[in-house]
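Protein chains: 4
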Amino acid sequence: MPVPAPGMHSGSATDAALDLSMSEQAVPLYEAVVEFIANEVDPITDEFFRLGEGRIEHWGYGEGQLELLDGVKAKAKANGLWNFFLPDAETGEGLSNLDYAYIAAELGKNPLASECLNCSAPDTGNMEVLERVGTPEQKERWLAPLLSGEIRSAFAMTEPDVASSDARNIATSAVMDGDEWVINGEKYYISGAGDPRCKIMIVMVRTNPDGPPHRQQSQILVPMDTPGVEILGPMHVFGADDAPHGHMHLRFTDVRVPASNMLLGEGRGFEISQLRLGPGRIHHCMRSIGAAERALELMVRRGLNREAFGKPLARLGKNVEVIAKARIEIEAMRLMVLRAARAMDLTGNAEARIWVSAVKAMVPERVCQIIDEAIQIHGATGISQWTPLAGMYAGQRTLRLADGPDEVHWHVVGRAELTRYEDDHEPAVGPDTGREGRFSGPS
Amino acid sequence: MPVPAPGMHSGSATDAALDLSMSEQAVPLYEAVVEFIANEVDPITDEFFRLGEGRIEHWGYGEGQLELLDGVKAKAKANGLWNFFLPDAETGEGLSNLDYAYIAAELGKNPLASECLNCSAPDTGNMEVLERVGTPEQKERWLAPLLSGEIRSAFAMTEPDVASSDARNIATSAVMDGDEWVINGEKYYISGAGDPRCKIMIVMVRTNPDGPPHRQQSQILVPMDTPGVEILGPMHVFGADDAPHGHMHLRFTDVRVPASNMLLGEGRGFEISQLRLGPGRIHHCMRSIGAAERALELMVRRGLNREAFGKPLARLGKNVEVIAKARIEIEAMRLMVLRAARAMDLTGNAEARIWVSAVKAMVPERVCQIIDEAIQIHGATGISQWTPLAGMYAGQRTLRLADGPDEVHWHVVGRAELTRYEDDHEPAVGPDTGREGRFSGPS
Amino acid sequence: MPVPAPGMHSGSATDAALDLSMSEQAVPLYEAVVEFIANEVDPITDEFFRLGEGRIEHWGYGEGQLELLDGVKAKAKANGLWNFFLPDAETGEGLSNLDYAYIAAELGKNPLASECLNCSAPDTGNMEVLERVGTPEQKERWLAPLLSGEIRSAFAMTEPDVASSDARNIATSAVMDGDEWVINGEKYYISGAGDPRCKIMIVMVRTNPDGPPHRQQSQILVPMDTPGVEILGPMHVFGADDAPHGHMHLRFTDVRVPASNMLLGEGRGFEISQLRLGPGRIHHCMRSIGAAERALELMVRRGLNREAFGKPLARLGKNVEVIAKARIEIEAMRLMVLRAARAMDLTGNAEARIWVSAVKAMVPERVCQIIDEAIQIHGATGISQWTPLAGMYAGQRTLRLADGPDEVHWHVVGRAELTRYEDDHEPAVGPDTGREGRFSGPS
Amino acid sequence: MPVPAPGMHSGSATDAALDLSMSEQAVPLYEAVVEFIANEVDPITDEFFRLGEGRIEHWGYGEGQLELLDGVKAKAKANGLWNFFLPDAETGEGLSNLDYAYIAAELGKNPLASECLNCSAPDTGNMEVLERVGTPEQKERWLAPLLSGEIRSAFAMTEPDVASSDARNIATSAVMDGDEWVINGEKYYISGAGDPRCKIMIVMVRTNPDGPPHRQQSQILVPMDTPGVEILGPMHVFGADDAPHGHMHLRFTDVRVPASNMLLGEGRGFEISQLRLGPGRIHHCMRSIGAAERALELMVRRGLNREAFGKPLARLGKNVEVIAKARIEIEAMRLMVLRAARAMDLTGNAEARIWVSAVKAMVPERVCQIIDEAIQIHGATGISQWTPLAGMYAGQRTLRLADGPDEVHWHVVGRAELTRYEDDHEPAVGPDTGREGRFSGPS
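Protein chains in written order, with the working numbering: chain X, 1 to 443; chain U, 1001 to 1443; chain D, 2001 to 2443; chain Y, 3001 to 3443.
Next comes chain X alone, as it looks inside the complex (with noise of 0.2 Å):
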């Protein structure tokens, strides 16, 4: 018998992991948000990209930009439909992250839609933890004004010189230093820390290099204005620095911060990333999925407008299928990320880890193997500004190299498949139990 493992088998059939449907208290605030998008967001959309063209300061917001955002947002927050990414958080605006999982996919169809409802990333997964482990003045200070959408926020934890898929090789190092924390090192690929609104770090250093192998890295508030933190520059994708929000290259010089911006405890900073990596990749794979969504319309649409040797596009050679594919992959993966979303809810971020690896090792693959079929399907113009398609190419593509690259998920649901049987000793098929003819043929 297979020594029972925490896997992603599914075990029981007959239990409620398998009902993947909204609940019902959570369908007129899903409504809502649909809604809202609709009417509120949809319509600033152009107006807001267009007025940060005439911008001055590249890393900054052009003449009006910010008071539209803000209005939306003002609406959004007096219609409570705000912060709802914390399940079962103590201010009581929690979902369930199945229930969240649903509005996540609205949120992926629109590039404004996540900050009017103050749920963007990072700033999610930052309030999170401040909300779970932060002392009260840390709460106080910082997630007071995140959460009312006043300050924006980084999360820096990659390192431009080593691996840091291997959370061991974390190189930036904080030493005490009487009261003090003192931090040296460098970070890159800090998102949104180009925003002129960003005002705080959760900044992932190495405390004890001596320690066990998880209990080396401490997680630290940092504020942007701390005198050290060096922006050394922008790291492009794909050739974009998006921006204001910009994915930021970092030196810490001898940065001085008090002793009480630990956050939960010296060496616990893995503790820390098992608490907010699960919701936040759940959240990207949804968007993923609208994302996934929206390049098939596009594919499609334009595939039934152009017509080539006598047919649209969509009906030549092996279009079809690629449409087919397109749209049952896109059902399968949000059949499968719903069901991390119910094992989250069910047990907990730390036994439904199998499953949230999962759907980030198979998500951002495939949807940018979706969208690069509806780039070709629309020709040169696939690739240039006329649609979306580059940029979300771009954003999915990196996400395979963000929060674990897609081999690390891979390893985690191989090895958990492998542990089901590693002590098992039945022996293996062969001469001996082995049997003449055929085990099981078409009928």
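One thing to keep in mind: the hints can contain errors.
[To be verified] In silico lysine to any residue, SDA-like type, Cα no more than 20 Å apart, as pairs:
| no. | chain 1 | residue 1 | chain 2 | residue 2 |
| --- | --- | --- | --- | --- |
| 1 | D | 2311 | X | 408 |
| 2 | X | 318 | D | 2412 |
| 3 | D | 2109 | D | 2043 |
| 4 | U | 1318 | Y | 3406 |
| 5 | Y | 3311 | X | 308 |
| 6 | U | 1318 | D | 2373 |
| 7 | Y | 3318 | X | 162 |
| 8 | D | 2318 | X | 418 |
| 9 | D | 2311 | X | 162 |
| 10 | Y | 3318 | U | 1365 |
| 11 | X | 311 | D | 2058 |
| 12 | Y | 3318 | D | 2418 |
| 13 | Y | 3311 | X | 312 |
| 14 | D | 2318 | Y | 3315 |
| 15 | Y | 3311 | X | 419 |
| 16 | U | 1318 | X | 419 |
| 17 | U | 1318 | X | 404 |
| 18 | Y | 3311 | D | 2422 |
| 19 | U | 1311 | D | 2315 |
| 20 | X | 199 | X | 186 |
| 21 | U | 1109 | X | 421 |
| 22 | D | 2311 | X | 312 |
| 23 | X | 311 | Y | 3406 |
| 24 | X | 109 | X | 69 |
| 25 | X | 318 | U | 1365 |
| 26 | X | 311 | D | 2373 |
| 27 | D | 2311 | U | 1365 |
| 28 | U | 1311 | Y | 3277 |
| 29 | D | 2318 | U | 1277 |
Think of the hints as simulated: they come from the structure by calculation, not from any bench.
Model the placement of chains U, D and Y on the given structure of chain X, informed by the hints.
What follows is chains U, D and Y alone, placed relative to chain X:
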């Protein structure tokens, strides 16, 4: 706005279509099936095949073989584990498609399980058709002994000389002569027609060559022993003839059956197909997932039990990724098949046919790949008689050709996707509606 | 017997088509090119791009930038490393396509090399066309300064409003009015049209809308400064505008050019395309292989220099297989491109077009995958400005859409294969010709 | 600079490695082989297999079967079309590997051709070994009757209980006792050992369990009728036992052979393997390409001869692309195998082993896919006895496991690529060497 059309697009996320859990009333039955297979079917399986090796007639059974089987069948019937494939049947044994799907996955794990519980293809489809559209006389003569497990049956649709993926190609003719139908033509890959217990066939014939395309065909009952029915020989499946079950090549020469053998009515052959194929395809797909589970288990066990270059094979090179992908794809396929079964329960076979095509296109192809990877990790043993893998591969590869080849199902899904937008003249993306900048970036 | 048909089927194995080695006379030139790039081009490359960063005009060059480039060009010209892209040209500098292919692979490794040796697209194709079909006046006016590297040029074929993969869709019209052609329409992705040195375009126009499909188009010379030629803006490639080179969106409004600007003759636009596209595609494909080599080198170096989980990345999981497949595919592609170049040399561009389509369909898609895998092993650095990979990816992805999208080339190859058997009524395999038993087994 | 290392990197483009054309002296032989197969072998093929169906002994031949074969063999020998598999043999019949590769592709098209010309595996490899390392006595006793086609032989390497991909796992032992070796162990998948004409085996044994890893094994001659050699039964290949050739499962119990039966010397088993495996793998791969050609022809013919939905199957959906890709991949594989054969001729088997692994890893996997696609277009007929496709699939699938599974060959190629850079500490790309901007764009 997209024109609403039948399809697999998820529509409202708030409906019940995503509650994929087994119904409470089915749980005891499911558990009884699992237990019955473990306690009654598994123990006789090796013995059953061993007795078959000693048979004298190639197209018959060995001494004691059927007695062994009939003993278990009698127990199953006595325990009420019998004929539960008919949803909502008047006989009252029926399960929803969703509940049955869970059971089908269990049946897929043992090659005798389906027959022991009187749930073998093609009997299930034939019984379903007779139960739904048979006359009282037809039911008494053929449905009763099928339901009691006394006889077996076949379904003769595919023909050797035409592309049967386009059903309008059916060439076997039935012509009225007096009060009899006279049938001429050839059919092949008629599974089960080699079994001496097979007494009746449902045959797809062309009765109205000048009618509209989908009204040209009829389905008619032909007893196996009718004069003019000739078995030309067995068709092979990767070299195996699967005797005594067999996939036979039949010739019909002036085969005469009474007018009352017609099912439902002349020209309604297509209509009957719609009825039978949905559930049958779901059952096949769930059994396929059972097979994939078995292949994955064999792959992992072998990978852990053999070493090369100082490591278990499972930990060499890409094997962990291969195992992880298999697990992820099995879970995705399972959810999709359950989703399709649920769609059939909620909207009926006709409305749910896009979902059924989606899983028929998706599942056997991927299961073939998983079995192929399991073969690879076994080395030469993987293609030998020492594992069930080669036979499982042949079975799943055949499924990609049976009940509509993959290509037909990709097209059903692709066309449904096109239909959603086809009459919709919203301008496509292009210079006039385009907008500079990125649609969505990593964050 | 198959009907002989133009195609890529190898035919007699005994002919010279498979001698893919460089000719003896080309060896010194090839070696000189390799040396020149190493000694003259590589050393100025970083400096050239650095000077460009300081430019004032976005669509211009920085101070000293062109002087730097012109210095190297002068040296190349003085050394006879110039214009060797024209096979069998009367000017005598020509190389066979096969010999040139070897050189093109070297040019693909440095972004300035092509231009330094006056072998940049689209100038090469434009010069080839002018050399072959230009009138003495056209040659003097435009070919001479192109051959000497004084000016640059563009080729305007693709249009934003139609599927240009079907050339019959070309909508830009040219109508005779007196002794002038009057041109109206739009073109986009006109590469190089942003460069201030670009003085002349060859434009594909529709002159005979009622003619037979392949006689409706003409190619005509249009100086960039002709009144009515308007640059609407740059088209982006994954977010980059590639200034100052640029891929421009142009509008032609009552643009008038003299009748003598017509190339070869009215209605012969297709004929000219055949002339230019074969060699151009070969050059692109060999440069692509150069890019793949570069990506593989970066992948391996990175994989060896970074560690995670106690091992270099290159030795983790599937990475060794990924590297092996890249190497194998690069060698296979190289042989195929050389084979296609050889076919052009032996049979001419028209006969060899199936081979050209074969490599155009095969190479860019696989090179995209190899670059993508190199990106993955770099982590976030792979999509950044710190490696050339993101730019290389964008370039190769674009090639899958340019000069005929992949789909067109698959169809050219597939149709040629069908043609070999199409009029051949030898009975297919089936019951009458079948034979029991196995055709070939392992031995 | 990369450290030079053995590998498949093209090195100098100017050497003769890329002249892949057949030598002039081989042309008449090649043409004679093609003609001989058409005129002598093809006409007896169906008859040969028909006679086999009537045989009484399952592990024997039918009446007249061997006479038919021997007649053709005599003609081949008389015409000098015999034994040309040995490059540079002292017997003078040898061809270069390149020339032989062209002939092997022809041999792959008829299941009897190899044997008719005395070029069957495993006899070819066994003869090659005996010719190169055999003592005069060994040559007289075994090589002479093999060269004359009187007897056949087997090669016993693979074992059922270990992962034979790691040759250090070989467990069959040979121990000196007096002047005899005493052999104990099991081997399986010993192809040809079922043939009554098979008289001699070369057996890989472990003689020096405490020696260095690659000096522990020896190869030794064991006559089939030696006491203690027991055939346990045939191993199946996808359900077929391939009688009377067979892939046998053998047990060695205290099998005693004289010391003089050792080949080359104790501990030199690996060395001998290197000798035989290179050419054998090339031959297999060229025969595989012959099989792929045949599958493609069947696919196209079937696709043109069957209609559905108003069109020939070949023109429906993705089928044209499938056909195009098959043609392109066949040509790419052919060039690669020729390239590997050429490398063996120029540098010897040891130096060329990376090339041999490259084609062994590349070819059977892709040929399996091509055959699988040919099956799909045939519908159920594709897996039946009415086409050779199922048998061809089984044969090619087996090749992915024989002579080293794919995984071993990917690793050989991948490791060679790593070796080129391994000791090279040039800094990887990164912030210090990075440069803004694009490396190469479309032009």
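Here is how each hint holds up against the structure:
1. A C-alpha spacing of about 14 Å is found between residue 2311 (chain D) and residue 408 (chain X), which places the hinted pair at or below 20 Å, so the restraint holds.
2. A hinted pair counts as satisfied when its Cα atoms are at most 20 Å apart, and residue 318 (chain X) with residue 2412 (chain D) qualifies at roughly 14 Å.
3. Between residue 2109 (chain D) and residue 2043 (chain D) the alpha-carbon distance is near 13 Å, which keeps this suggested pair within the 20 Å criterion.
4. A hinted pair counts as satisfied when its Cα atoms are at most 20 Å apart, and residue 1318 (chain U) with residue 3406 (chain Y) qualifies at roughly 12 Å.
5. For the hint pairing residue 3311 (chain Y) with residue 308 (chain X), the CA-to-CA distance comes to about 19 Å; that is within 20 Å, so the pair holds.
6. With a C-alpha separation of about 15 Å, the suggested pair residue 1318 (chain U) and residue 2373 (chain D) falls inside the 20 Å cut-off, and the hint holds.
7. Only pairs whose Cα atoms come within 20 Å are accepted, and residue 3318 (chain Y) paired with residue 162 (chain X) is rejected, the gap being roughly 44 Å.
8. A hinted pair counts as satisfied when its Cα atoms are at most 20 Å apart, and residue 2318 (chain D) with residue 418 (chain X) qualifies at roughly 17 Å.
9. Taken as a hint, the residue 2311 (chain D) and residue 162 (chain X) pair is honoured in the structure, with Cα atoms around 13 Å apart against an allowance of 20 Å.
10. A distance of roughly 16 Å separates the Cα atoms of residue 3318 (chain Y) and residue 1365 (chain U); the hinted pair therefore holds under the 20 Å criterion.
11. Straight-line distance between C-alpha atoms of residue 311 (chain X) and residue 2058 (chain D) comes to about 41 Å, which puts the hinted pair past the 20 Å bound.
12. As the CA atoms of residue 3318 (chain Y) and residue 2418 (chain D) are separated by approximately 14 Å, the hinted pair is consistent with the 20 Å bound.
13. Between the alpha carbons of residue 3311 (chain Y) and residue 312 (chain X) the distance comes to roughly 18 Å, so the proposed pair stays at or under 20 Å and holds.
14. Annotation: proposed proximity of residue 2318 (chain D) to residue 3315 (chain Y) is violated, straight-line Cα distance about 37 Å (limit 20 Å).
15. A threshold of 20 Å between alpha carbons decides the hint, and for residue 3311 (chain Y) with residue 419 (chain X) the separation of about 52 Å lies outside it, so the pair is violated.
16. Of the supplied pair hints, the one linking residue 1318 (chain U) and residue 419 (chain X) holds, its CA atoms being roughly 17 Å apart against a limit of 20 Å.
17. As the CA atoms of residue 1318 (chain U) and residue 404 (chain X) are separated by approximately 18 Å, the hinted pair is consistent with the 20 Å bound.
18. Between residue 3311 (chain Y) and residue 2422 (chain D), the direct Cα distance comes to roughly 13 Å. Compliance with the 20 Å bound is thereby established for this hinted pair.
19. Annotation: proposed proximity of residue 1311 (chain U) to residue 2315 (chain D) holds, straight-line Cα distance about 14 Å (limit 20 Å).
20. Proximity of residue 199 (chain X) to residue 186 (chain X) is assessed by CA-CA distance (about 18 Å); at most 20 Å being required, the pair is judged to hold.
21. Restraint check for residue 1109 (chain U) and residue 421 (chain X): satisfied, since their Cα atoms lie roughly 18 Å apart, inside the 20 Å limit.
22. A C-alpha spacing of about 51 Å is found between residue 2311 (chain D) and residue 312 (chain X), which places the hinted pair above 20 Å, so the restraint is violated.
23. Of the supplied pair hints, the one linking residue 311 (chain X) and residue 3406 (chain Y) is violated, its CA atoms being roughly 43 Å apart against a limit of 20 Å.
24. With a C-alpha separation of about 17 Å, the suggested pair residue 109 (chain X) and residue 69 (chain X) falls inside the 20 Å cut-off, and the hint holds.
25. Distance hint between residue 318 (chain X) and residue 1365 (chain U) is fulfilled; the C-alpha atoms sit about 17 Å from each other, no more than 20 Å.
26. About 36 Å separates the Cα atoms of residue 311 (chain X) and residue 2373 (chain D), which puts this hinted pair outside 20 Å; it is violated.
27. Restraint check for residue 2311 (chain D) and residue 1365 (chain U): the C-alpha separation of about 36 Å exceeds 20 Å, so the hint is violated.
28. Between residue 1311 (chain U) and residue 3277 (chain Y) the CA atoms are separated by roughly 25 Å; this puts the pair beyond 20 Å, and the hint is violated.
29. Only pairs whose Cα atoms come within 20 Å are accepted, and residue 2318 (chain D) paired with residue 1277 (chain U) is rejected, the gap being roughly 41 Å.
Checked against the numbered hints above, the structure violates hints 7, 11, 14, 15, 22, 23, 26, 27, 28, 29; every other hint is satisfied.
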